[in-house]
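Protein chains in written order, with my numbering: chain R, 1 to 180; chain W, 1 to 299.
Hints were generated in silico from the structure; no laboratory data involved.
On a predicted model such as this, the values are computed, not experimentally measured, just so you know.
All C-beta atoms in this analysis are idealised placements derived from N, C-alpha and C, irrespective of residue type, glycine included.
Mixed in with the good hints there might be a few duds.
Unchecked claim - Simulated pairs of lysine to any residue, SDA-like, Cα-Cα distance not exceeding 20 Å:
1) R:173 x W:200
2) R:162 x W:97
3) R:35 x W:200
4) W:147 x W:289
5) R:152 x W:275
6) R:115 x W:93
7) R:115 x W:203
8) R:169 x W:110
9) R:99 x W:93
10) R:169 x W:103
11) W:93 x R:169
12) R:152 x W:108
13) R:173 x W:97
14) R:164 x W:104
15) W:69 x R:163
16) R:169 x W:245
17) W:245 x R:145
18) R:35 x W:108
19) R:147 x W:240
20) R:164 x W:97
21) R:173 x W:107
22) R:169 x W:111
23) R:164 x W:54
24) R:115 x W:69
25) W:93 x R:149
26) R:99 x W:107
27) R:147 x W:202
28) R:169 x W:109
29) W:247 x W:275
30) R:115 x W:39
31) W:93 x R:12
32) W:93 x R:93
33) R:35 x W:203
34) R:164 x W:247
35) R:99 x W:104
36) R:162 x W:147
What the hints assert, rightly or not - Which residues of chain R face chain W? A partial, calculated answer using Cβ under 8 Å:
37) 77
38) 97
39) 100
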Amino acid sequence: MKSFMEEVAATPGGENIRACIQCGMCTGSCPAANKMEFPPRKIIAMIRAGMRDEVLSSNSMWYCLSCYMCTVRCPQDVKPTELAHALESLANQQGFRVKGTRTPAMYRSFVSSIKGNGRVHEVGIMLRYYLMTNPLAALKMWSQGLKLFVHKRMPLMPNKVKGKQDLAKIIQKFTEIRTT
Amino acid sequence: MKYYCYFPGCSAEATAVGLGVSVQAIAKSLDIELIELEDWTCCGSTPYGSLDKLESILIAARNLALAEKTGLDLVTPCPSCFLTLHQANLYLKEHPQLATQVNEALAVVNLIYHGGVQVRQLIEVLYHEVTPEVIASKVKLPLNGLKVAPYYGCQMVRPDYGFDNPESPQSLDRIVESLGAEAVPYPLKNRCCGGALIIPEEDLALGLIRKLLGNAAENGAQCITTVCPLCQMNLDAYQGSVNSKFKTNYNLPVLFTSQLIGLALGLDPISLGLNTNIVSPRKVLDSISKVMLEAKSGT
Ligand code: SF4
Ligand code: SF4
């Protein structure tokens with residue numbers, strides 16, 4: 001059986017994990033490190049130690065802001081940002097449900113909006129997201145949404161894109177043939 | 001006149017409509033023609049890539065394949081769209097087996113991608129091809145005396161594309177100066193605003209936004225400029241939330257760089273979408289009309 005380390009290295013974005021020398025530059029540069037259960041350097045150590053469930057059920061990667069500070073500073077070209085995305089996709093595909101972060105729900109609403117409309121439609125994303133998480137919290141967002149709406153920045157209806165049928169077709173075909 | 005294939009990105013048509021309209025408004029004056037990519041969809045996006053990187057690359061590849069047919073460079077004003085399309089381009093080059101599968105899927109809708117598109121961000125085109133010198137030569141209303149904090153954020157300069165220094169970027173400073181304005185020192189200019197996590201993790205993002213506003217204010221900025229739709233949204237639409245959460249009273253208009261350029265080119269504020277900015281840009285407009293009045297009375 002594949003080790004967890006091998007599994008991560010075989011996931012798109014996780015390719016360079018073996019090069020890590022545990023210097024801690026990533027964690028020191030990370031604006032979200034103090035929110036993460038395990039900051040970037042530590043999570044790499046845990047992957048090496050084979051702590052699969054602890055890593056994939058943690059909130060760490062879901063706090064990544066994709067700021068790429070770690071990526072430009074890492075002396076080993078590990079690309080911790082891409083690694084965080086790789087862990088998110090593994091956790092998502094394998095059905096890990098993480099407590100204490102609503103980010104996965106937000107991302108899932110985002111992706112279904114794109115699949116449905118071909119483009120990002122914020123109102124639709126928000127509706128889905130709040131239905132999935134906490135419909136009451138939507139009230140808190142109301143004033144923010146209204147501000148954007150009166151400034152003509154919140155179209156209620158999605159744009160109609162011809163390409164959206166194309167998207168469904170290519171995604172279907174790709175799902176049949178992809179090997180990773 | 002230079003021609004480019006133009007990818008607006010989803011935000012430029014919705015939450016960042018001020019970006020979309022101001023880019024189109026300044027293009028003509030700067031002798032560039034942006035021809036919108038027909039039938040484009042979402043770029044592929046970071047959240048999509050977080051859940052399924054390869055499927056996000058597939059979506060990017062459809063846009064790239066459409067762009068390739070035009071034979072032009074693909075230019076986008078959005079740093080996040082740029083990052084996604086650019087990275088997809090690189091990843092497909094490095095992974096020929098994936099490229100074959102992606103093309104097999106694209107064939108279903110009669111498309112093929114050969115890997116020949118050059119993806120660029122608009123700010124890089126303005127900096128390298130139009131150049132600050134030429135922009136300066138077209139300025140009609142110099143923004144003299146206006147103190148601007150140039151905010152780069154993350155994905156405009158990171159990961160390192162070789163365009164500007166990811167740790168201490170300069171391109172926006174030069175463009176701000178080419179308009180006659182002053183680029184104030186802004187130590188946090190390349191730090192993160194919280195990005196899309198403003199929705200699920202508001203506390204984390206508001207803390208970061210507060211630091212960015214504070215750092216601009218303490219360096220004497222009268223406004224902030226950025227090219228990124230997400231940064232603009234967080235600093236502008238959430239400035240009120242920062243003020244109520246931290247008992248501060250920041251009042252810093254956040255203008256897209258294309259809006260600032262448009263003002264200096266003498267374009268009408270409404271055509272630049274300044275009515276869609278949430279923190280009122282009145283201060284900025286007042287300082288420009290002062291310059292105009294002084295210029296008139298001086299002659
Ligand atoms: S900066 Fe790079 S090498 Fe250093 S701990 Fe982080 S991932 Fe490992
Ligand atoms: S890209 Fe993610 S992990 Fe890296 S420094 Fe930024 S927030 Fe932290």
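A quick look at each hint next to the structure:
The straight-line distance between the Cα atoms of residue 173 of chain R and residue 200 of chain W is roughly 32 Å, outside the 20 Å bound, and the hint therefore fails. Straight-line distance between C-alpha atoms of residue 162 of chain R and residue 97 of chain W comes to about 29 Å, which puts the hinted pair past the 20 Å bound. Taking the CA atoms of residue 35 of chain R and residue 200 of chain W, the gap is near 13 Å; set against the 20 Å cutoff, the hint holds. With a CA separation close to 15 Å, the supplied pair residue 147 of chain W and residue 289 of chain W stays within the 20 Å bound.
The suggested pairing of residue 152 of chain R with residue 275 of chain W holds, with an alpha-carbon distance near 9 Å, which does not exceed 20 Å. Taken as a hint, the residue 115 of chain R and residue 93 of chain W pair is broken in the structure, with Cα atoms around 25 Å apart against an allowance of 20 Å. The suggested pairing of residue 115 of chain R with residue 203 of chain W is violated, with an alpha-carbon distance near 29 Å, which exceeds 20 Å. In summary, the hint linking residue 169 of chain R to residue 110 of chain W is supported, as the alpha carbons are separated by about 11 Å, within the 20 Å threshold.
Note on residue 99 of chain R and residue 93 of chain W: the hinted pairing is violated, with a Cα-Cα distance of about 38 Å set against a maximum of 20 Å. Between residue 169 of chain R and residue 103 of chain W, the direct Cα distance comes to roughly 13 Å. Compliance with the 20 Å bound is thereby established for this hinted pair. Pair hint residue 93 of chain W plus residue 169 of chain R does not hold up; C-alpha atoms about 23 Å apart against a cutoff of 20 Å. This hinted pair does not check out: residue 152 of chain R and residue 108 of chain W have alpha carbons roughly 37 Å apart, beyond 20 Å.
Between residue 173 of chain R and residue 97 of chain W the alpha-carbon distance is near 16 Å, which keeps this suggested pair within the 20 Å criterion. As the CA atoms of residue 164 of chain R and residue 104 of chain W are separated by approximately 18 Å, the hinted pair is consistent with the 20 Å bound. Taking the CA atoms of residue 69 of chain W and residue 163 of chain R, the gap is near 16 Å; set against the 20 Å cutoff, the hint holds. A C-alpha spacing of about 46 Å is found between residue 169 of chain R and residue 245 of chain W, which places the hinted pair above 20 Å, so the restraint is violated.
For a cut-off of 20 Å, the pair hint linking residue 245 of chain W to residue 145 of chain R stands: about 18 Å separates their Cα positions. Restraint check: the Cα-Cα separation between residue 35 of chain R and residue 108 of chain W comes to about 44 Å, which exceeds 20 Å; the hinted pair is violated. Of the supplied pair hints, the one linking residue 147 of chain R and residue 240 of chain W holds, its CA atoms being roughly 11 Å apart against a limit of 20 Å. For the given pair, residue 164 of chain R sits about 26 Å from residue 97 of chain W by alpha-carbon distance, which is inconsistent with the 20 Å threshold.
Taking the CA atoms of residue 173 of chain R and residue 107 of chain W, the gap is about 9 Å. The hint holds against a cut of 20 Å. For the hint linking residue 169 of chain R to residue 111 of chain W, the alpha-carbon distance of about 12 Å falls within 20 Å, and the restraint holds. For the hint pairing residue 164 of chain R with residue 54 of chain W, the CA-to-CA distance comes to about 18 Å; that is within 20 Å, so the pair holds. As the CA atoms of residue 115 of chain R and residue 69 of chain W are separated by approximately 24 Å, the hinted pair breaks the 20 Å bound.
For a cut-off of 20 Å, the pair hint linking residue 93 of chain W to residue 149 of chain R is broken: about 41 Å separates their Cα positions. Of the supplied pair hints, the one linking residue 99 of chain R and residue 107 of chain W is violated, its CA atoms being roughly 41 Å apart against a limit of 20 Å. Restraint check for residue 147 of chain R and residue 202 of chain W: the C-alpha separation of about 17 Å stays at or below 20 Å, so the hint holds. Annotation: proposed proximity of residue 169 of chain R to residue 109 of chain W holds, straight-line Cα distance about 7 Å (limit 20 Å).
Our distance criterion of 20 Å between C-alpha atoms is broken by residue 247 of chain W and residue 275 of chain W, whose separation comes to about 27 Å. The straight-line distance between the Cα atoms of residue 115 of chain R and residue 39 of chain W is roughly 15 Å, inside the 20 Å bound, and the hint therefore holds. Simply put, residue 93 of chain W and residue 12 of chain R have alpha-carbon atoms about 14 Å apart, close enough for the 20 Å limit, and the pair holds. Restraint check for residue 93 of chain W and residue 93 of chain R: not satisfied, since their Cα atoms lie roughly 26 Å apart, outside the 20 Å limit.
Proposed proximity of residue 35 of chain R and residue 203 of chain W is supported: the alpha carbons are some 10 Å apart, at most 20 Å. At roughly 45 Å between alpha-carbon atoms, residue 164 of chain R and residue 247 of chain W are farther apart than 20 Å, so this suggested pair is violated. For the hint linking residue 99 of chain R to residue 104 of chain W, the alpha-carbon distance of about 39 Å lies beyond 20 Å, and the restraint is violated. For the proposed pair residue 162 of chain R and residue 147 of chain W, the alpha carbon gap of about 44 Å is over 20 Å, so the pair is violated.
Nearest Cβ of chain W to the Cβ of residue 77 of chain R: about 10 Å, over the 8 Å cut. The hint is violated. Given the 8 Å rule on beta carbons, the hint for residue 97 of chain R is violated: about 14 Å separates it from the nearest Cβ of chain W. With 8 Å as the threshold, the beta carbon of residue 100 of chain R stays out of range of chain W, its nearest partner Cβ sitting at about 10 Å, so the hint is violated.
In the structure shown, a violation is registered for the earlier hints numbered 1, 2, 6, 7, 9, 11, 12, 16, 18, 20, 24, 25, 26, 29, 32, 34, 35, 36, 37, 38 and 39, in ascending order.
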